Amino acid sequence: MTPSEASSGPGAPGLDIPAVTVAPGDTATTSVTVRNDSDIVEAYSLEVVGDCAPWSTADPPRVSLYPGTSQTVTIRLEPPRSPEVRAGETPLGVRVLPAEHPEAVRVLETTVHVEEFRELHTELAPGRRRGWLRGRYRLAVRNRGNTPVRVGFTPGQPGEELGFAFSPAEPELQPGESVEAGLKVRTGKPVWFGAPVVWPFTVETAEAGDRETAREDATAVRTPLEAEFVQIPVFPRWLLVVLAALLALLLAWFALVRPVVRSAAQEAAEEAAAEVVQPRPTHVGEQGGQAPGTGTGGGSDARPGGRDAQAPPGPGDDGSAAGDGVPGGAGRQSSATIDLQTSAGETRTGTYRVPANSVFGVTDIVVANFQGDEGVLTITFGDRKITTIALETFRNQDYHWVTPIEIPENETVTVEVTCEKPGTPATGRRARGCHEVLNVSGVLSRTTG
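Per numbering that gives the first Met the number 0, residue 0 is the first one in the sequence shown, and the count goes up by one each step.
Check before you lean on any hint, since a few could be wrong.
[To be verified] Computed beta-carbon distance windows for the label pairs:
#, residue 1, residue 2, range
1, 50, 196, 40 to 50 Å
2, 99, 149, 53 to 63 Å
3, 106, 69, 51 to 61 Å
4, 24, 164, 33 to 43 Å
Read the hints as simulated data drawn from the structure, not as lab findings. Since this is a predicted model, take the numbers as computed values, not measurements. We treat Cβ as the ideally placed atom computed from N, Cα and C, and that holds for glycine.
Let the sequences and hints guide you as you build the complete structure.
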(Lines of atoms letter the chains of each structure in order from A; the text may use other names.)
(Lines give C-alpha, C1' and ligand atoms only; values in the text may rest on other atoms or scores of the structure.)
Protein backbone atom coordinates (compact mmCIF):
# COMPACT_ATOMS: atom_id res chain seq x y z
CA MET A 0 0.00 0.00 0.00
CA THR A 1 1.35 3.37 -0.94
CA PRO A 2 1.33 5.81 1.96
CA SER A 3 0.13 9.33 1.52
CA GLU A 4 1.42 12.52 3.10
CA ALA A 5 -0.61 15.23 4.80
CA SER A 6 0.78 18.60 5.77
CA SER A 7 -0.38 20.10 9.01
CA GLY A 8 -0.40 23.71 10.01
CA PRO A 9 -2.34 26.87 9.49
CA GLY A 10 -3.34 26.92 5.86
CA ALA A 11 -1.23 23.88 4.97
CA PRO A 12 -2.72 21.64 2.24
CA GLY A 13 -3.22 17.88 2.83
CA LEU A 14 -3.72 14.79 0.71
CA ASP A 15 -6.37 12.12 1.35
CA ILE A 16 -5.43 8.53 2.09
CA PRO A 17 -5.69 6.11 -0.87
CA ALA A 18 -8.19 3.22 -0.79
CA VAL A 19 -7.27 0.12 1.17
CA THR A 20 -8.36 -3.53 0.71
CA VAL A 21 -8.56 -5.86 3.70
CA ALA A 22 -9.95 -9.36 4.35
CA PRO A 23 -11.88 -10.06 7.57
CA GLY A 24 -9.58 -11.75 10.05
CA ASP A 25 -6.45 -10.29 8.37
CA THR A 26 -4.50 -7.05 8.95
CA ALA A 27 -3.87 -4.20 6.50
CA THR A 28 -1.94 -0.95 7.06
CA THR A 29 -1.52 2.44 5.53
CA SER A 30 0.33 5.55 6.76
CA VAL A 31 -0.08 9.27 7.16
CA THR A 32 2.88 11.69 7.29
CA VAL A 33 2.30 14.67 9.58
CA ARG A 34 4.56 17.77 9.11
CA ASN A 35 4.78 20.83 11.38
CA ASP A 36 5.17 23.96 9.22
CA SER A 37 4.49 26.35 12.09
CA ASP A 38 7.09 28.23 14.11
CA ILE A 39 6.27 26.61 17.43
CA VAL A 40 6.44 23.10 18.83
CA GLU A 41 3.11 21.38 18.11
CA ALA A 42 1.49 18.16 19.33
CA TYR A 43 -0.92 16.30 17.05
CA SER A 44 -3.58 13.70 18.10
CA LEU A 45 -4.65 11.20 15.46
CA GLU A 46 -7.99 9.36 15.76
CA VAL A 47 -9.73 6.97 13.33
CA VAL A 48 -13.39 7.92 12.76
CA GLY A 49 -16.20 6.32 10.74
CA ASP A 50 -17.48 2.75 10.40
CA CYS A 51 -13.94 1.40 10.49
CA ALA A 52 -13.16 2.98 13.85
CA PRO A 53 -14.04 -0.12 16.01
CA TRP A 54 -11.31 -2.18 14.33
CA SER A 55 -8.78 0.50 13.21
CA THR A 56 -6.01 2.24 15.21
CA ALA A 57 -3.37 4.94 14.66
CA ASP A 58 0.19 4.09 15.75
CA PRO A 59 1.29 6.22 17.45
CA PRO A 60 -1.95 8.02 18.32
CA ARG A 61 -0.07 11.25 19.29
CA VAL A 62 3.07 12.92 17.89
CA SER A 63 4.99 16.08 18.92
CA LEU A 64 6.93 17.92 16.20
CA TYR A 65 9.43 20.78 16.21
CA PRO A 66 8.92 23.44 13.58
CA GLY A 67 9.84 22.17 10.12
CA THR A 68 9.87 18.46 11.09
CA SER A 69 7.54 15.54 10.16
CA GLN A 70 6.63 12.00 11.30
CA THR A 71 4.86 9.05 9.68
CA VAL A 72 1.88 7.52 11.57
CA THR A 73 0.74 3.95 10.71
CA ILE A 74 -3.01 3.28 10.35
CA ARG A 75 -3.66 -0.41 11.23
CA LEU A 76 -6.86 -2.08 9.97
CA GLU A 77 -7.91 -5.39 11.69
CA PRO A 78 -11.55 -6.22 10.81
CA PRO A 79 -12.79 -9.31 12.74
CA ARG A 80 -14.11 -12.36 10.93
CA SER A 81 -17.71 -11.64 11.87
CA PRO A 82 -21.08 -11.16 10.13
CA GLU A 83 -21.13 -7.67 11.63
CA VAL A 84 -18.38 -6.55 9.26
CA ARG A 85 -20.27 -6.50 6.00
CA ALA A 86 -18.48 -7.03 2.71
CA GLY A 87 -18.12 -4.01 0.43
CA GLU A 88 -16.93 -0.40 0.57
CA THR A 89 -16.60 1.17 4.03
CA PRO A 90 -15.51 4.81 4.59
CA LEU A 91 -12.42 5.49 6.75
CA GLY A 92 -11.49 8.85 8.27
CA VAL A 93 -8.41 9.96 10.23
CA ARG A 94 -8.84 13.11 12.27
CA VAL A 95 -5.64 15.12 12.94
CA LEU A 96 -6.11 17.58 15.83
CA PRO A 97 -3.31 20.12 16.68
CA ALA A 98 -3.05 20.89 20.37
CA GLU A 99 -2.05 24.57 20.01
CA HIS A 100 -4.24 25.35 17.04
CA PRO A 101 -7.37 23.16 17.37
CA GLU A 102 -9.17 25.26 14.80
CA ALA A 103 -6.82 23.79 12.20
CA VAL A 104 -8.16 20.27 12.66
CA ARG A 105 -8.10 18.11 9.52
CA VAL A 106 -9.97 14.85 8.62
CA LEU A 107 -8.27 12.73 6.03
CA GLU A 108 -10.63 10.30 4.25
CA THR A 109 -10.34 7.12 2.25
CA THR A 110 -12.33 3.98 1.43
CA VAL A 111 -11.69 0.53 2.81
CA HIS A 112 -12.78 -2.41 0.67
CA VAL A 113 -13.77 -5.34 2.91
CA GLU A 114 -13.50 -8.63 1.11
CA GLU A 115 -16.21 -11.30 1.22
CA PHE A 116 -16.03 -14.48 3.24
CA ARG A 117 -18.60 -17.24 3.51
CA GLU A 118 -19.15 -19.49 6.47
CA LEU A 119 -22.19 -21.64 7.15
CA HIS A 120 -22.86 -23.47 10.40
CA THR A 121 -25.38 -26.32 10.30
CA GLU A 122 -26.70 -28.67 12.99
CA LEU A 123 -28.84 -31.77 12.38
CA ALA A 124 -31.02 -33.07 15.21
CA PRO A 125 -31.78 -35.64 16.36
CA GLY A 126 -28.91 -37.85 15.30
CA ARG A 127 -31.16 -40.95 15.30
CA ARG A 128 -34.87 -41.31 14.72
CA ARG A 129 -37.03 -44.45 14.93
CA GLY A 130 -40.19 -45.11 12.93
CA TRP A 131 -42.10 -47.55 10.73
CA LEU A 132 -41.82 -45.65 7.44
CA ARG A 133 -40.69 -42.07 8.04
CA GLY A 134 -38.70 -39.87 10.39
CA ARG A 135 -38.53 -36.11 10.96
CA TYR A 136 -35.36 -34.12 11.60
CA ARG A 137 -34.44 -30.44 12.10
CA LEU A 138 -31.67 -28.56 10.28
CA ALA A 139 -30.51 -25.37 12.02
CA VAL A 140 -28.48 -23.20 9.59
CA ARG A 141 -26.68 -19.98 10.50
CA ASN A 142 -24.90 -17.62 8.07
CA ARG A 143 -21.66 -16.67 9.80
CA GLY A 144 -20.31 -14.96 6.69
CA ASN A 145 -20.45 -11.26 5.81
CA THR A 146 -22.51 -11.54 2.62
CA PRO A 147 -26.04 -12.84 1.87
CA VAL A 148 -26.22 -16.44 0.68
CA ARG A 149 -28.84 -18.85 -0.57
CA VAL A 150 -28.38 -22.27 1.01
CA GLY A 151 -29.01 -25.67 -0.57
CA PHE A 152 -29.00 -29.14 0.98
CA THR A 153 -27.59 -32.29 -0.57
CA PRO A 154 -28.54 -35.64 1.04
CA GLY A 155 -26.38 -38.70 0.68
CA GLN A 156 -27.12 -42.39 1.24
CA PRO A 157 -25.25 -45.55 0.22
CA GLY A 158 -28.29 -46.97 -1.58
CA GLU A 159 -31.56 -45.62 -2.90
CA GLU A 160 -33.83 -46.92 -0.17
CA LEU A 161 -34.51 -43.51 1.39
CA GLY A 162 -36.32 -40.45 0.07
CA PHE A 163 -35.53 -36.93 1.34
CA ALA A 164 -37.62 -33.75 1.44
CA PHE A 165 -36.42 -30.37 2.79
CA SER A 166 -38.71 -27.52 3.81
CA PRO A 167 -37.74 -24.86 2.85
CA ALA A 168 -35.50 -26.35 0.17
CA GLU A 169 -33.26 -23.27 -0.45
CA PRO A 170 -33.55 -20.66 2.31
CA GLU A 171 -31.85 -17.27 1.83
CA LEU A 172 -29.90 -15.88 4.76
CA GLN A 173 -28.52 -12.45 5.52
CA PRO A 174 -25.20 -12.16 7.39
CA GLY A 175 -25.71 -13.39 10.96
CA GLU A 176 -29.22 -14.72 10.23
CA SER A 177 -30.40 -18.22 11.27
CA VAL A 178 -33.14 -20.44 9.89
CA GLU A 179 -34.55 -23.86 10.79
CA ALA A 180 -35.42 -26.25 7.98
CA GLY A 181 -37.37 -29.46 8.28
CA LEU A 182 -36.15 -32.77 6.86
CA LYS A 183 -38.43 -35.74 6.19
CA VAL A 184 -36.85 -39.13 5.56
CA ARG A 185 -39.04 -41.91 4.15
CA THR A 186 -38.45 -45.53 3.25
CA GLY A 187 -39.98 -47.29 0.26
CA LYS A 188 -41.49 -50.32 1.99
CA PRO A 189 -42.21 -51.43 5.57
CA VAL A 190 -40.40 -54.08 7.56
CA TRP A 191 -43.04 -56.52 8.76
CA PHE A 192 -41.05 -58.84 11.02
CA GLY A 193 -37.56 -59.26 12.37
CA ALA A 194 -34.94 -56.90 13.76
CA PRO A 195 -34.90 -53.12 13.17
CA VAL A 196 -33.05 -51.89 10.04
CA VAL A 197 -30.58 -49.01 10.39
CA TRP A 198 -30.32 -46.62 7.42
CA PRO A 199 -27.35 -44.17 7.75
CA PHE A 200 -27.35 -41.00 5.66
CA THR A 201 -25.57 -37.64 5.39
CA VAL A 202 -26.64 -34.07 4.69
CA GLU A 203 -24.27 -31.53 3.13
CA THR A 204 -25.00 -27.81 3.28
CA ALA A 205 -23.60 -25.49 0.61
CA GLU A 206 -24.36 -22.22 -1.10
CA ALA A 207 -26.94 -22.69 -3.84
CA GLY A 208 -26.60 -21.25 -7.34
CA ASP A 209 -23.84 -21.14 -9.91
CA ARG A 210 -22.06 -17.86 -9.23
CA GLU A 211 -18.41 -17.60 -10.27
CA THR A 212 -17.64 -15.27 -7.38
CA ALA A 213 -19.27 -17.54 -4.81
CA ARG A 214 -16.63 -19.53 -2.99
CA GLU A 215 -16.00 -20.60 0.55
CA ASP A 216 -12.78 -20.16 2.43
CA ALA A 217 -10.70 -23.23 3.02
CA THR A 218 -11.27 -22.84 6.76
CA ALA A 219 -15.05 -23.00 6.24
CA VAL A 220 -15.12 -26.42 4.59
CA ARG A 221 -17.60 -28.54 6.54
CA THR A 222 -17.83 -32.24 7.01
CA PRO A 223 -21.24 -33.62 5.93
CA LEU A 224 -23.62 -34.10 8.83
CA GLU A 225 -24.34 -37.72 9.70
CA ALA A 226 -27.57 -39.22 11.03
CA GLU A 227 -29.49 -42.50 11.10
CA PHE A 228 -33.03 -43.62 10.50
CA VAL A 229 -33.90 -46.80 12.39
CA GLN A 230 -36.82 -48.56 10.70
CA ILE A 231 -38.63 -50.68 13.26
CA PRO A 232 -40.72 -53.70 12.20
CA VAL A 233 -44.50 -53.41 12.16
CA PHE A 234 -44.82 -56.58 14.25
CA PRO A 235 -42.19 -56.86 17.00
CA ARG A 236 -40.19 -59.98 17.61
CA TRP A 237 -41.98 -60.86 20.85
CA LEU A 238 -45.29 -60.97 18.93
CA LEU A 239 -43.91 -63.77 16.75
CA VAL A 240 -43.10 -65.74 19.89
CA VAL A 241 -46.62 -65.20 21.23
CA LEU A 242 -48.22 -66.19 17.92
CA ALA A 243 -46.08 -69.32 17.74
CA ALA A 244 -47.09 -70.27 21.29
CA LEU A 245 -50.78 -69.67 20.52
CA LEU A 246 -50.52 -71.76 17.36
CA ALA A 247 -48.89 -74.59 19.32
CA LEU A 248 -51.66 -74.45 21.94
CA LEU A 249 -54.32 -74.46 19.23
CA LEU A 250 -52.79 -77.50 17.57
CA ALA A 251 -52.53 -79.26 20.93
CA TRP A 252 -56.20 -78.49 21.58
CA PHE A 253 -57.38 -79.97 18.30
CA ALA A 254 -55.04 -82.94 18.55
CA LEU A 255 -55.36 -83.90 22.23
CA VAL A 256 -57.89 -81.99 24.34
CA ARG A 257 -60.83 -81.60 21.97
CA PRO A 258 -61.35 -85.36 21.30
CA VAL A 259 -61.26 -86.07 25.05
CA VAL A 260 -63.75 -83.30 25.85
CA ARG A 261 -66.08 -84.39 23.06
CA SER A 262 -65.98 -88.02 24.23
CA ALA A 263 -66.66 -87.04 27.85
CA ALA A 264 -69.55 -84.79 26.83
CA GLN A 265 -71.07 -87.53 24.68
CA GLU A 266 -70.85 -90.07 27.50
CA ALA A 267 -72.45 -87.62 29.94
CA ALA A 268 -75.32 -86.97 27.51
CA GLU A 269 -75.91 -90.67 27.02
CA GLU A 270 -75.95 -91.27 30.79
CA ALA A 271 -78.38 -88.39 31.34
CA ALA A 272 -80.72 -89.71 28.66
CA ALA A 273 -80.68 -93.19 30.15
CA GLU A 274 -81.15 -92.10 33.76
CA VAL A 275 -84.65 -92.42 35.21
CA VAL A 276 -85.42 -89.71 37.75
CA GLN A 277 -87.27 -91.05 40.79
CA PRO A 278 -88.80 -88.88 43.54
CA ARG A 279 -86.85 -89.08 46.75
CA PRO A 280 -89.19 -88.42 49.75
CA THR A 281 -88.02 -86.93 53.00
CA HIS A 282 -89.70 -88.20 56.21
CA VAL A 283 -90.07 -85.86 59.14
CA GLY A 284 -92.08 -87.02 62.20
CA GLU A 285 -95.10 -84.76 62.66
CA GLN A 286 -98.67 -85.50 63.76
CA GLY A 287 -99.10 -89.19 63.19
CA GLY A 288 -95.91 -89.60 61.12
CA GLN A 289 -97.11 -87.40 58.27
CA ALA A 290 -95.04 -84.31 57.46
CA PRO A 291 -94.15 -82.46 54.30
CA GLY A 292 -90.82 -82.77 52.59
CA THR A 293 -89.76 -79.67 50.76
CA GLY A 294 -88.48 -79.59 47.23
CA THR A 295 -87.79 -77.04 44.51
CA GLY A 296 -90.62 -76.35 42.10
CA GLY A 297 -89.51 -76.70 38.54
CA GLY A 298 -92.42 -75.12 36.65
CA SER A 299 -92.93 -71.63 35.31
CA ASP A 300 -94.76 -68.83 37.05
CA ALA A 301 -98.02 -69.95 35.47
CA ARG A 302 -100.84 -71.03 37.71
CA PRO A 303 -100.93 -74.83 38.26
CA GLY A 304 -103.60 -76.81 36.46
CA GLY A 305 -106.82 -77.98 38.09
CA ARG A 306 -110.22 -76.62 38.70
CA ASP A 307 -111.08 -73.75 41.02
CA ALA A 308 -111.28 -74.38 44.76
CA GLN A 309 -114.88 -73.09 44.99
CA ALA A 310 -116.22 -75.32 42.20
CA PRO A 311 -118.21 -78.39 43.28
CA PRO A 312 -116.48 -81.72 42.80
CA GLY A 313 -117.19 -83.53 39.58
CA PRO A 314 -117.99 -87.14 39.14
CA GLY A 315 -114.36 -88.06 39.07
CA ASP A 316 -113.45 -85.96 42.13
CA ASP A 317 -115.74 -87.77 44.57
CA GLY A 318 -114.55 -91.27 43.51
CA SER A 319 -117.91 -92.37 42.16
CA ALA A 320 -116.30 -93.97 39.12
CA ALA A 321 -114.10 -96.25 41.22
CA GLY A 322 -116.25 -97.78 43.92
CA ASP A 323 -119.31 -95.61 44.14
CA GLY A 324 -121.38 -96.50 47.23
CA VAL A 325 -118.67 -98.84 48.63
CA PRO A 326 -117.26 -97.83 52.07
CA GLY A 327 -113.53 -97.56 51.99
CA GLY A 328 -113.58 -98.12 48.27
CA ALA A 329 -110.65 -97.12 46.10
CA GLY A 330 -110.65 -93.50 45.02
CA ARG A 331 -109.17 -91.67 42.06
CA GLN A 332 -106.62 -88.95 41.57
CA SER A 333 -108.03 -85.48 42.12
CA SER A 334 -106.70 -81.93 42.51
CA ALA A 335 -107.97 -78.53 43.56
CA THR A 336 -106.62 -75.02 42.97
CA ILE A 337 -106.91 -72.06 45.35
CA ASP A 338 -106.31 -68.71 43.58
CA LEU A 339 -105.85 -65.97 46.20
CA GLN A 340 -105.35 -62.24 45.62
CA THR A 341 -104.51 -59.97 48.56
CA SER A 342 -104.16 -56.21 48.74
CA ALA A 343 -100.97 -54.70 50.13
CA GLY A 344 -100.94 -54.60 53.92
CA GLU A 345 -103.88 -57.02 54.27
CA THR A 346 -104.33 -60.69 55.18
CA ARG A 347 -106.72 -62.95 53.28
CA THR A 348 -107.50 -66.67 53.19
CA GLY A 349 -108.60 -69.09 50.50
CA THR A 350 -110.09 -72.55 51.16
CA TYR A 351 -110.97 -75.82 49.56
CA ARG A 352 -113.60 -77.96 51.40
CA VAL A 353 -113.59 -81.74 51.13
CA PRO A 354 -116.98 -82.98 49.87
CA ALA A 355 -119.33 -84.89 52.18
CA ASN A 356 -118.88 -88.66 52.47
CA SER A 357 -115.31 -88.32 51.14
CA VAL A 358 -111.75 -88.45 52.38
CA PHE A 359 -109.04 -86.47 50.55
CA GLY A 360 -105.59 -88.10 50.84
CA VAL A 361 -103.16 -85.27 49.94
CA THR A 362 -99.83 -86.38 48.45
CA ASP A 363 -98.61 -83.23 46.63
CA ILE A 364 -99.02 -79.48 46.86
CA VAL A 365 -97.48 -76.76 44.62
CA VAL A 366 -97.35 -73.07 45.66
CA ALA A 367 -96.81 -70.41 42.98
CA ASN A 368 -95.55 -66.89 43.78
CA PHE A 369 -95.15 -65.84 40.15
CA GLN A 370 -95.06 -62.09 40.88
CA GLY A 371 -92.27 -62.31 43.44
CA ASP A 372 -94.44 -60.85 46.21
CA GLU A 373 -93.14 -60.27 49.73
CA GLY A 374 -95.02 -61.42 52.81
CA VAL A 375 -96.02 -64.65 54.64
CA LEU A 376 -98.00 -67.67 53.38
CA THR A 377 -99.42 -70.34 55.72
CA ILE A 378 -100.95 -73.69 54.59
CA THR A 379 -103.36 -75.55 56.91
CA PHE A 380 -105.09 -78.93 56.49
CA GLY A 381 -108.13 -78.82 58.79
CA ASP A 382 -106.70 -77.99 62.24
CA ARG A 383 -103.14 -78.97 61.29
CA LYS A 384 -100.71 -76.30 60.16
CA ILE A 385 -98.58 -77.79 57.43
CA THR A 386 -96.04 -75.00 56.74
CA THR A 387 -95.41 -71.26 56.86
CA ILE A 388 -93.25 -69.72 54.11
CA ALA A 389 -91.81 -66.26 53.49
CA LEU A 390 -92.98 -65.28 50.01
CA GLU A 391 -89.74 -63.55 49.02
CA THR A 392 -87.82 -66.83 49.36
CA PHE A 393 -89.40 -68.58 46.36
CA ARG A 394 -91.32 -68.30 43.11
CA ASN A 395 -92.50 -71.92 42.82
CA GLN A 396 -92.42 -74.36 45.75
CA ASP A 397 -93.64 -77.98 45.87
CA TYR A 398 -94.16 -80.51 48.69
CA HIS A 399 -94.62 -84.30 48.41
CA TRP A 400 -95.65 -87.08 50.81
CA VAL A 401 -95.23 -90.82 50.37
CA THR A 402 -97.98 -91.47 52.96
CA PRO A 403 -100.98 -89.29 52.11
CA ILE A 404 -102.29 -86.79 54.65
CA GLU A 405 -106.01 -87.57 55.01
CA ILE A 406 -108.49 -84.74 55.29
CA PRO A 407 -112.02 -85.92 56.33
CA GLU A 408 -115.26 -84.68 54.91
CA ASN A 409 -116.18 -81.02 55.36
CA GLU A 410 -112.66 -80.16 56.49
CA THR A 411 -110.76 -77.54 54.53
CA VAL A 412 -107.44 -76.92 52.92
CA THR A 413 -106.67 -73.31 53.84
CA VAL A 414 -104.02 -70.92 52.49
CA GLU A 415 -103.54 -67.64 54.36
CA VAL A 416 -101.49 -64.80 52.80
CA THR A 417 -100.26 -61.63 54.51
CA CYS A 418 -99.22 -59.25 51.72
CA GLU A 419 -96.43 -56.89 52.73
CA LYS A 420 -95.21 -55.79 49.30
CA PRO A 421 -96.53 -56.74 45.87
CA GLY A 422 -93.94 -57.93 43.37
CA THR A 423 -93.27 -57.25 39.72
CA PRO A 424 -94.57 -59.80 37.20
CA ALA A 425 -93.14 -60.49 33.74
CA THR A 426 -94.88 -57.41 32.31
CA GLY A 427 -92.34 -55.22 34.11
CA ARG A 428 -94.98 -53.15 35.95
CA ARG A 429 -95.38 -53.50 39.69
CA ALA A 430 -98.62 -55.27 40.67
CA ARG A 431 -101.26 -53.58 42.81
CA GLY A 432 -101.62 -56.57 45.13
CA CYS A 433 -100.18 -59.96 45.96
CA HIS A 434 -101.29 -62.96 43.94
CA GLU A 435 -100.58 -66.59 44.98
CA VAL A 436 -101.86 -69.90 43.65
CA LEU A 437 -102.00 -73.20 45.61
CA ASN A 438 -102.61 -76.53 43.91
CA VAL A 439 -103.45 -79.58 46.06
CA SER A 440 -103.28 -83.09 44.56
CA GLY A 441 -104.07 -86.50 45.96
CA VAL A 442 -106.64 -89.31 46.08
CA LEU A 443 -110.31 -88.50 46.75
CA SER A 444 -112.17 -91.57 48.15
CA ARG A 445 -115.85 -92.21 49.19
CA THR A 446 -116.48 -93.26 52.76
CA THR A 447 -120.18 -94.39 52.66
CA GLY A 448 -122.57 -96.02 50.26
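Numbers of the earlier hints that this structure fails to satisfy, in rising order: 1, 3
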